[in-house]
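J.: Listed below are the residues making up each chain.
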Amino acid sequence: MKWLAVPALMLATGAAVATPGPAGPDAMPGVANPVRARQHWILQCQGCHRADATGTPQTAPTMAGFVARFLQVPGGREYLARVPGVATAALSDADLAEVVNWSLARFDPAHLPADFKPYTAAEIGGLRSKPLRAEASAMRARLVAEFDETDVTTPK
Amino acid sequence: MPRIARGAIFAALMVSASASGAADYPQPLPEEPVPAVAELPEHYPDSWVFVQDLHFNSLPDGRAAIVDVGADNNNLRGQIPVAQFGVMLPSTTRGEIYVGETFYSRLTRGERTDVITIWDTKTLTPKDEIVLPGGKRGLFVTLRNSLQLTNDEKWALVFNFTPGASVTVVDLDGRKILSDIELPGCSLVYPTGPRGFTSLCADGTMTSIALDAAGNAGPAVTSAVFNDIDDDPLFMTPAMVGRTGWFVSFKGHVRAIDFSGAAAKDLGSFALPKQDGGEPEWRPGGWQVISADRAGLLYILMNPKSGEGTHKDGGTEAWVVDPKTKTLVRRIALRNHSVSIEATQQERPLLVASRPDGSLDVYDAASGAFVRTIVSVVHDPMTMTAAR
Amino acid sequence: MSGLDKFSEKVTRNVARATSRRSLLTLIGGALTGAAVIPVLPVSRAQAQTHGGGGDPVAPQSSGNPQDPGDQTKCDYWRYCAIDGFLCSCCGGSPSSCPPGTEMSPITWIGTCQNPADNRAYIISYNDCCGKSSCGRCLCNRNENDRPMVRPQANNDINWCLGTSSSVYNCSTAVILGVALEQQ
Numbered sequence: 295m296k297w298l299a300v301p302a303l304m305l306a307t308g309a310a311v312a313t314p315g316p317a318g319p320d321a322m323p324g325v326a327n328p329v330r331a332r333q334h335w336i337l338q339c340q341g342c343h344r345a346d347a348t349g350t351p352q353t354a355p356t357m358a359g360f361v362a363r364f365l366q367v368p369g370g371r372e373y374l375a376r377v378p379g380v381a382t383a384a385l386s387d388a389d390l391a392e393v394v395n396w397s398l399a400r401f402d403p404a405h406l407p408a409d410f411k412p413y414t415a416a417e418i419g420g421l422r423s424k425p426l427r428a429e430a431s432a433m434r435a436r437l438v439a440e441f442d443e444t445d446v447t448t449p450k
Numbered sequence: 010m011p012r013i014a015r016g017a018i019f020a021a022l023m024v025s026a027s028a029s030g031a032a033d034y035p036q037p038l039p040e041e042p043v044p045a046v047a048e049l050p051e052h053y054p055d056s057w058v059f060v061q062d063l064h065f066n067s068l069p070d071g072r073a074a075i076v077d078v079g080a081d082n083n084n085l086r087g088q089i090p091v092a093q094f095g096v097m098l099p100s101t102t103r104g105e106i107y108v109g110e111t112f113y114s115r116l117t118r119g120e121r122t123d124v125i126t127i128w129d130t131k132t133l134t135p136k137d138e139i140v141l142p143g144g145k146r147g148l149f150v151t152l153r154n155s156l157q158l159t160n161d162e163k164w165a166l167v168f169n170f171t172p173g174a175s176v177t178v179v180d181l182d183g184r185k186i187l188s189d190i191e192l193p194g195c196s197l198v199y200p201t202g203p204r205g206f207t208s209l210c211a212d213g214t215m216t217s218i219a220l221d222a223a224g225n226a227g228p229a230v231t232s233a234v235f236n237d238i239d240d241d242p243l244f245m246t247p248a249m250v251g252r253t254g255w256f257v258s259f260k261g262h263v264r265a266i267d268f269s270g271a272a273a274k275d276l277g278s279f280a281l282p283k284q285d286g287g288e289p290e291w292r293p294g295g296w297q298v299i300s301a302d303r304a305g306l307l308y309i310l311m312n313p314k315s316g317e318g319t320h321k322d323g324g325t326e327a328w329v330v331d332p333k334t335k336t337l338v339r340r341i342a343l344r345n346h347s348v349s350i351e352a353t354q355q356e357r358p359l360l361v362a363s364r365p366d367g368s369l370d371v372y373d374a375a376s377g378a379f380v381r382t383i384v385s386v387v388h389d390p391m392t393m394t395a396a397r
Numbered sequence: 049m050s051g052l053d054k055f056s057e058k059v060t061r062n063v064a065r066a067t068s069r070r071s072l073l074t075l076i077g078g079a080l081t082g083a084a085v086i087p088v089l090p091v092s093r094a095q096a097q098t099h100g101g102g103g104d105p106v107a108p109q110s111s112g113n114p115q116d117p118g119d120q121t122k123c124d125y126w127r128y129c130a131i132d133g134f135l136c137s138c139c140g141g142s143p144s145s146c147p148p149g150t151e152m153s154p155i156t157w158i159g160t161c162q163n164p165a166d167n168r169a170y171i172i173s174y175n176d177c178c179g180k181s182s183c184g185r186c187l188c189n190r191n192e193n194d195r196p197m198v199r200p201q202a203n204n205d206i207n208w209c210l211g212t213s214s215s216v217y218n219c220s221t222a223v224i225l226g227v228a229l230e231q232q
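Protein chains in written order, with my numbering: chain A, 295 to 450; chain B, 10 to 397; chain C, 49 to 232.
By construction, these hints were calculated from the structure, which means they are not laboratory data. Fair warning: this is a prediction, and the values are worked out from it, not measured in the lab. Virtual Cβ for every residue (Gly too), placed ideally from N, Cα, C. Among the hints, erroneous ones may be present.
Covered by chain C, according to a simulated footprint, are these stretches of chain B (three or more residues, beta-carbon under 8 angstroms) [claimed, not checked]:
| id | stretch |
| --- | --- |
| 1 | 57 to 68 |
| 2 | 369 to 380 |
Facing chain A, from chain C, some residues (calculated, C-beta under 8 angstroms) [what the hints assert, rightly or not]:
| id | residue |
| --- | --- |
| 3 | Val106 |
| 4 | Pro154 |
| 5 | Ile155 |
| 6 | Thr156 |
| 7 | Trp157 |
| 8 | Ile158 |
| 9 | Ile171 |
| 10 | Gln201 |
| 11 | Gly211 |
| 12 | Leu225 |
| 13 | Ala228 |
| 14 | Leu229 |
Assemble the whole structure, with the sequences as input and the hints as a guide.
T.: What follows is the structure, encoded as structure tokens:
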């Protein structure tokens, strides 16, 4: 199955005691430890979003090749931190900021704005304290409508 | 024992009957009409309990048994299907039972149909159905709060899980879907106010949504954090006393939520009194672990060998708690390890404890005295709902 | 939010937690978790049926690899530390594959389990197999760190046959996704 083939095993690089070295700061902005970020993705997000962050309208929305576009429209940055799957994840503010930054760089680098400033723990902490509820889907629809309609990568 | 005496008389009658002849009975037994099908009263007596069967060994064939726990015999009065992680909900104001269930056109494959089936209480035949859109009804081990009523029982609320969370509002009279309200990050439905619901949310808050006259979502109100999901989460099924929901937590804190207003209100919590004899300690355990009688006393299924991960292990005692005085009134030692408990709404209530083998043990709630066992009622007795 | 910070701290510390997903009668389950066992637990009729308590046990199966030790038809096999449901090993599949003709759910619950042979914590994905009715063999369930439906991603009562052509539940696998980082 496709999801099994995903390079999920990169992380299995040896003894569990190995402490992974941080990547260069330019590689993934706001990700101090990509291996840790990836593990948090797997344990907290992947179950619903799948290993490659593809989704379906029936299950969890597609993130791959799409999610960083929210950063291109007003309100999108706040939306990504307040959407319930993010806001209510069982992670500290710092770990959550890291995994959000990691997800953006990992699954949609093409749409990451050149001037992207990574989420900080403080910013995430403030935004997640007001998680979206019933308004989440309407807000998402409004933001997506503002994406460039001509962009062929926009899923319907 | 009266039962033994009665048995002896019965045996004696058998003997004398076999020893005597037609002369003793000039008239033969009457002929019996065929077909003959039993009927039930439209409104069930308050000694009756709906026992839902998850039927884990054959999930597409779940069902519910309607059981008179107050009778000496003829206890199982009828059954209705509750298919595929289904949930059943009796109306208290009209002679109907609502069942949220899921079917595939070829049993395990083909086209999925989610539906609310409406059963007639008197005949236990299906009166009608309302098809639910989207094939998204939440499928999990039965929780009563995945299907509830609001708006004077004229509307049904269905909890959906895809894993996105949403609530479908259904007009039972008009047999139509009114709205679909996405509520990501929140779970289940607790009827709130005259027309609306509350859901418990993953950040430990709850969100209440009032519905307008057309069934659309109106104002939403989110509470402060009160549910410590990591350390001491609430069991999802409350005991309802009027519009107050009494929840109990894994570690034995009892919390009241007032659902009478448009926005649910946390009324605070208290700890169950510590009791000796636990190894290491007593905590609530089981599936449906809390119930209430008409007087508002709470019954909580307790497990003496509790720690992390024991919350579904069932229990060996039912603790009777008076929430007004926050005191433990009585400890009822159960004859068998039990999965779920439910108190009847009788003047003198009975306490029903379901066993993993699908049998029910019935106790006098006021004294704790064992009354009877009703064997093999269902396969997997997860939830019970007393007639009201 | 202080509540969140508190629980996330704990979650981070407990990387190798054993959590389960779908469950059931489970309630009844409980019985397998070593120290936490309640002997009187009724314990599952199902448990008894499939694990020798009330009849003959399922014939043992092993991987044949000493680094992957244990009986894959038993609940105490190391990968099943967070499993809940019928073991696919007893149903025509294996710990990491579904029985013939079923469909593996792409949406699932993911946890970690400690391998006693190499002492590594592995990330395990508990994908359900879907599209045929309940297997009925080797029911297994543990509830350590299971949380109620209010936190679905840590709840084993949910039928994770989501995103499949049929949501009918058959059995559960325990697939290795990789090695977990050391607990921090």
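J.: Taking the hints in turn, state whether each one holds.
T.: Against the structure, the hints come out as follows:
1. Under a criterion of three residues with beta carbons nearer than 8 angstroms to beta carbons of chain C, the stated coverage of the stretch 57 to 68 of chain B is upheld, 5 such residues being counted.
2. Coverage of the stretch 369 to 380 of chain B by chain C is violated. Counting CB-CB distances below 8 angstroms, 0 residues qualify, and the rule asks for three or more.
3. The beta carbon of Val106(C) is not positioned within 8 angstroms of any beta carbon in chain A (closest approach about 26 angstroms), and the interface hint is therefore violated.
4. For Pro154(C), the interface hint holds, since its Cβ comes within 8 angstroms of a Cβ in chain A; the closest pair sits about 5 angstroms apart.
5. The closest approach between the C-beta of Ile155(C) and any C-beta of chain A is roughly 6 angstroms, which is under the 8 angstroms cut-off, so the hint is satisfied.
6. Annotation: interface hint on Thr156(C) holds; nearest CB of chain A at approximately 5 angstroms, less than 8 angstroms.
7. For Trp157(C), the shortest C-beta to C-beta distance to chain A is roughly 5 angstroms, which falls under 8 angstroms, so the interface hint holds.
8. A cut of 8 angstroms between beta carbons decides the hint on Ile158(C): the least distance to chain A is about 5 angstroms, and the hint holds.
9. Hint status for Ile171(C): holds, given a least beta-carbon distance of 6 angstroms to chain A, under 8 angstroms.
10. With a cut of 8 angstroms, the hint placing Gln201(C) at the interface with chain A holds, because the nearest CB-to-CB distance is about 6 angstroms.
11. Hint on Gly211(C) holds. Least Cβ distance to chain A is approximately 5 angstroms, under the 8 angstroms limit.
12. Hint status for Leu225(C): holds, given a least beta-carbon distance of 5 angstroms to chain A, under 8 angstroms.
13. At its closest, the beta carbon of Ala228(C) sits 6 angstroms from a beta carbon of chain A; the interface hint therefore holds under the 8 angstroms criterion.
14. Among the interface hints, the one on Leu229(C) holds; its C-beta lies about 5 angstroms from the nearest C-beta in chain A, closer than the 8 angstroms criterion.
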